[in-house]
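Q: As a plain string of letters, each chain reads:
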Amino acid sequence: MISIKNVRKIFPSKQGQLKAVDDVNLEINNGEIFGVIGYSGAGKSTLIRMLNGLELPTEGTVTVAGREISKIKGGELRKARQEISMIFQHFNLLWSRTVSENIAFPLEIAGVKGPQRKKRVDELIKLVGLEGRENAYPSQLSGGQKQRVGIARALANNPKVLLCDEATSALDPQTTDSILDLLVDINKRLGLTIVLITHEMHVIRKICHRVAVMESGRVVELGSVLEVFKNPQQPITKRFVQQVTEPEKTKETAENLLERYPHGKVIQLSFLGESTEQPLITNVIRDFNVVVNILQGNISHTQNGSYGTLFIHLDGQQNEIQKAIDYIHSQQVGVEVISNG
Amino acid sequence: MADFLEMVKWEDLLLATQETIYMTFISVLATFILGLLLGLLLFLTGKGNIWENRFVNVIIAAFVNIFRSIPFIILIVLLIPFTKLLVGSMLGANAALPALIIGAAPFYARMVEIALREIDKGVIEASQSMGATHGHIIFKVLIPESLPALISGITVTAISLVGFTAMAGVIGAGGLGHFAYLEGFQRNRPVVTLVATIAILILVFIIQFVGDYFTKKTDKR
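Protein sequence lines correspond, in order, to chains A and B. Its first residue numbered 1, the first sequence is counted upward by one per residue in full-length UniProt numbering. Its first residue numbered 1, the second sequence is counted upward by one per residue in full-length UniProt numbering.
Misleading hints may appear alongside valid ones.
[To be verified] Computed cross-link-like contacts, DSBU-like style, restricted to lysine-lysine with a CA-CA straight-line distance of at most 35 Å:
1) A:Lys323 / A:Lys238
2) A:Lys79 / B:Lys121
3) A:Lys230 / A:Lys323
4) A:Lys5 / B:Lys121
5) A:Lys126 / B:Lys217
6) A:Lys126 / B:Lys216
7) A:Lys238 / A:Lys126
8) A:Lys230 / A:Lys160
9) A:Lys5 / A:Lys323
10) B:Lys220 / A:Lys126
11) A:Lys160 / B:Lys220
12) B:Lys140 / B:Lys220
13) A:Lys160 / A:Lys118
14) A:Lys5 / A:Lys73
15) A:Lys160 / B:Lys140
16) A:Lys14 / A:Lys73
17) A:Lys79 / B:Lys140
18) B:Lys47 / A:Lys188
19) A:Lys19 / A:Lys160
20) A:Lys160 / B:Lys47
21) A:Lys188 / B:Lys140
22) B:Lys140 / A:Lys73
23) A:Lys73 / B:Lys47
24) A:Lys5 / A:Lys113
25) A:Lys71 / B:Lys47
26) A:Lys14 / B:Lys47
27) A:Lys188 / A:Lys5
28) A:Lys79 / A:Lys160
29) A:Lys14 / A:Lys71
30) A:Lys71 / A:Lys160
31) B:Lys140 / B:Lys216
32) A:Lys188 / A:Lys160
33) B:Lys216 / A:Lys118
34) B:Lys220 / A:Lys113
35) B:Lys140 / A:Lys113
The set of hints was computed from the structure by calculation and includes no laboratory data. In this text, all values refer to a predicted model and were calculated from it rather than measured experimentally.
Kindly produce the complete structure, drawing on both the sequences and the hints.
A: Structure follows, in C-alpha cells:
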C-alpha cells in the first residue's frame, strides 16, 4: 500500500543543512495499523507529511496506493490526496463551520452534490458517534469531539489511507483511549490502512500492528509491536517500552525494599503471549526454597498478543535463588536482575 | 435658540447628508473589493504561502505603504489630473471617489492581510491535505475564517472614509464637510457647523453599530 524508498529530506538552515529524514526505507501493508514513534525532532512528522505530498523528499520515492506521491503535481496530486486523508494534533477544523459543515467540506472539494452530500454527512456523524451535535460549532466541542469531527472529515471521501499526525497528543488519557478504539474500529470495519506518528508508547501498544522507531531522521528499529516490546534492541526503544511497562514508582518501591531487605535479588520478569497464563510464581515457591515478594506487575494487551511484566523480590540461599532464576529462564520468561541486595 | 436653528437650511443639510452617504457608500464598497483583493495578494504571495512570490509581494507592499502614508488632503491634490481624466471634472461627489478609494483601499488591504495571517496555518494545510484547489482555499477557508476581522476592518475603514469625505468636501466634493465649512465656518454660523457635526456623528455611530453587529454575528470562535 505504501512504499518509502531511500527517502531523504534535507532542510537548509542557518547552521548548514538539517537532515530531517535520513535514508528511510519502509513498506506498509494494506489494512495495517503502522506506528512511527520518536521524540520531537526525530523526523517522524516530516516523514508522515511526505506521504500526502505536504512535504517533498529531497531524494528517494514515496508511493501510496500505486501513485508516486513524490512526483505527481497539480490536479493529479489533489485527486490522490482525496484517497490519503489526514488527522491532526490540533484538529484543524474550520471554526466558522458547524460539525456538519466541517464534515461536508471535503465532499464539497470532491464535488459531491446536495442530497448525496447530506446523506454521507449523516452516515459519518453516526460512524464517529456525534449524533445530536451536528449543528454545534467547534468552539462548543470538547477535544475528543473535535477529533471525532476530524476523523469523520478524513473518512468522507472513502480514503484508502489515514494518516494520524499526533492525533491524540492533545487529549487526556481517557479521551485518547476512546479515539484509539474508534481508529481500531474503522480499521477493522473499512479495511483502512492507518499510519500514525506519536511519542507515546501507549498509543503504539494499544492499536498498532507494527512499529518503526525513529531517532535523528533514521529508522533505528522496526518490527511487530509484540516483538519490539519483548525484545527491544536500541536504547531509545528500551526507553519507550519502559514508558508503558515500568512506572517510576517501581524503581522507588524496589529501592525501598532493598533497604529493608539487604538480602536477595529484585528481578524483572517479562511474559509474552501464552506464558502470561502459567502459574509460574506458584511453581517457584513450591519447588525452591525461596521467599517471593511481588512488588509490581502489569499486563499490556497489544494488537498481536499480550505482554506482561512482573517485579519480584527473591530471598533465600544464594544458590537457591540462582536455581529459581534458571527455572524461570527455562519457562521462556524474560528475566532481568534489576539490582543485587 | 429657535432663531439660531432658523439659520440652518434644512433642505441643504439633507442634500449634504445624502451626498456624504453616497460618497461613503460607494467608496466603502469599492475599498472593500479592492482592499480584499490587494490584501489577499499580499498574504498569498508572502513567505510560506500558496502563491509565494517575493517580487510581486514587494511591489504590492511598496504600493500599499506609499498610498497609506500620503496624507489624504495631499493625495486629493496629487490625484487631480487623474481624477479629471477619469471623471471629467474635479467638482461634485463623483470627483471625490477616486481619491477616497485610492486613499482607503491600501489601508484596508493591510488590515485584510493581518486578518488572514491570524488564520491557523494548520487549517490551510488540512484543506490542502483534502485536495483543495487554491480557489477552495480562498473562498471556502481564508475569507469565511477571517470574516469577523474583515468586517471589523471595513467598519474602521468606513469611519475613516466618512472623515475623508468631509475633507474632500472642502475642496469641492459637496457633502457635510462642504456644508459645515462653507455654510457654517465661512458665513460665521457656528450652529450650522454644529448641526453638520451632529449629522456626521450619527452616521458614524450607525456604521459602528452595524459593523459590531455583523462582527459578533459571524464570530463563532
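Q: Give a verdict on every hint.
A: Okay, the hints, checked on the actual structure:
no. : hint                : result
1   : A:Lys323 / A:Lys238 : 27 Å, holds
2   : A:Lys79 / B:Lys121  : 22 Å, holds
3   : A:Lys230 / A:Lys323 : 23 Å, holds
4   : A:Lys5 / B:Lys121   : 29 Å, holds
5   : A:Lys126 / B:Lys217 : 29 Å, holds
6   : A:Lys126 / B:Lys216 : 32 Å, holds
7   : A:Lys238 / A:Lys126 : 40 Å, violated
8   : A:Lys230 / A:Lys160 : 31 Å, holds
9   : A:Lys5 / A:Lys323   : 49 Å, violated
10  : B:Lys220 / A:Lys126 : 24 Å, holds
11  : A:Lys160 / B:Lys220 : 33 Å, holds
12  : B:Lys140 / B:Lys220 : 16 Å, holds
13  : A:Lys160 / A:Lys118 : 22 Å, holds
14  : A:Lys5 / A:Lys73    : 19 Å, holds
15  : A:Lys160 / B:Lys140 : 25 Å, holds
16  : A:Lys14 / A:Lys73   : 29 Å, holds
17  : A:Lys79 / B:Lys140  : 18 Å, holds
18  : B:Lys47 / A:Lys188  : 42 Å, violated
19  : A:Lys19 / A:Lys160  : 30 Å, holds
20  : A:Lys160 / B:Lys47  : 33 Å, holds
21  : A:Lys188 / B:Lys140 : 33 Å, holds
22  : B:Lys140 / A:Lys73  : 22 Å, holds
23  : A:Lys73 / B:Lys47   : 21 Å, holds
24  : A:Lys5 / A:Lys113   : 39 Å, violated
25  : A:Lys71 / B:Lys47   : 24 Å, holds
26  : A:Lys14 / B:Lys47   : 17 Å, holds
27  : A:Lys188 / A:Lys5   : 28 Å, holds
28  : A:Lys79 / A:Lys160  : 12 Å, holds
29  : A:Lys14 / A:Lys71   : 28 Å, holds
30  : A:Lys71 / A:Lys160  : 19 Å, holds
31  : B:Lys140 / B:Lys216 : 20 Å, holds
32  : A:Lys188 / A:Lys160 : 13 Å, holds
33  : B:Lys216 / A:Lys118 : 28 Å, holds
34  : B:Lys220 / A:Lys113 : 26 Å, holds
35  : B:Lys140 / A:Lys113 : 16 Å, holds
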